[in-house]
Amino acid sequence: MAATPLAASQPRAVRTVAFVDGVRTPFGKAGEKGIYANTRADDLVVKVIRELLRRHPELPPERVDDVAIAATTQIGDQGLTIGRTAALLAGLPKSVPGFAIDRMCAGAMTAVTSVAGGIGFGAYDIAIAGGVEHMGRHPMGEGVDPNPRIIADKLVDPTALVMGQTAENVHDRFPEITKARADAYAAQSQERYADAVKAGKIGPELVPVAIRNPELGWGLATEDEPPRPGTTIEQLANLKTPFRPHGRVTAGNAAGLNDGATGALLADEDTARELGLPVGMRLVGYSFAGVEPEVMGIGPVPATEKLLARTGLSISDIGLFEINEAFAVQVLAFLDHFGLEPDSERVNPWGGAIACGHPLASSGVRLMTQLSRQFSEHPEVRYGLTTMCIGIGMGGSVLWENPAYNGSDK
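The opening residue of the sequence shown carries number 5 in my numbering; numbering runs sequentially from there.
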């Protein structure tokens, strides 16, 4: 007997999406002297996929319904539908499909929200989402051919295509965000990251990567390369401003050029419970918003406002924030808008990208992985936010619920 098709108007229940677990490679400095100078980008992705499966033997690999991997520069070893090729290289069954995503810095974030939509709708039960960027091999913009009308027709200001200049533009728009404030925030990020490493809070999510140096031979990457512990405000004050004479954006109050990969396991919560998988967070909602490309750093503000309006929550309901630190000014613009203090323990308590690095498309899952682990330490917190600015004038925000919430008012 043929199955009765669902009526088009019949409503479907949305399933609860669980963030099961997230891992990442140590982040490296881009360039010939970086730890991944002789490592392929797709091999970094393979490491995180294999690590997710290794940490969760209760998950039959054939139960993975899709693999979404993001890369901003989809060329060379970051091309060829990397979600599919990395899945094959990682040893997933050939029956498991995969695809590639590009939303610049929010690639991994979009990979997560894309498969989450499939899980919520019932198209998937379990999926892997993540991102990779090997900026040493593939600098942002490599091989692209922007349509000249973007500039000629004055669709955007010419500075929109240089991220550091967009950060200077945000400083212009908000003159109260001084270079001194940006430097102070950057020093705090370095300090918090160093403290988190010492306390063992950053490290358990890292998967060691075998690396090769033509002169020194083989080694093992086990920790992030970019951090500069002990950085002081005085040191930052003397750095050059490469994007504008007498500017405010420096290599010290911005994330660097980095290499690295991230991966996360997402599942329908009932399926996770059935298989014995942990539930680190529950997805509440997400939003993306566009802004003027020349001030792309303000993108997290409208994205978060849209998200709060859709969920009926206010900023005071959010107990933990993981904000990607592409530039200190961008974080400060967000905090000022919502009335949050830069030194609040609710905001990037383990430091951020200014310290550990920002391999573009991979960073969204780093934020989520850290938030999930922070939730387990803070049962008094119900909601947390991961948010980031996105090149070409966008912002993305994802709201999560703490499954360990104990019912208090925070």
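Careful: at least some of the hints might be erroneous.
List time: in silico DSSO-like cross-link candidates among lysine-lysine, alpha-carbon distance up to 27 Å [unchecked claim]:
#1 310 with 37
#2 183 with 244
#3 37 with 202
#4 244 with 33
#5 33 with 310
#6 33 with 205
#7 183 with 33
Hint data in this document are derived by calculation from the structure and do not stem from the laboratory.
We went through each hint and held it up to the structure:
no.: 1; hint: 310 with 37; result: violated, 42 Å
no.: 2; hint: 183 with 244; result: holds, 12 Å
no.: 3; hint: 37 with 202; result: holds, 26 Å
no.: 4; hint: 244 with 33; result: holds, 19 Å
no.: 5; hint: 33 with 310; result: violated, 35 Å
no.: 6; hint: 33 with 205; result: holds, 22 Å
no.: 7; hint: 183 with 33; result: holds, 24 Å
Figure legend: structure checked against the earlier numbered hints; hints not met, in rising order: 1 and 5.
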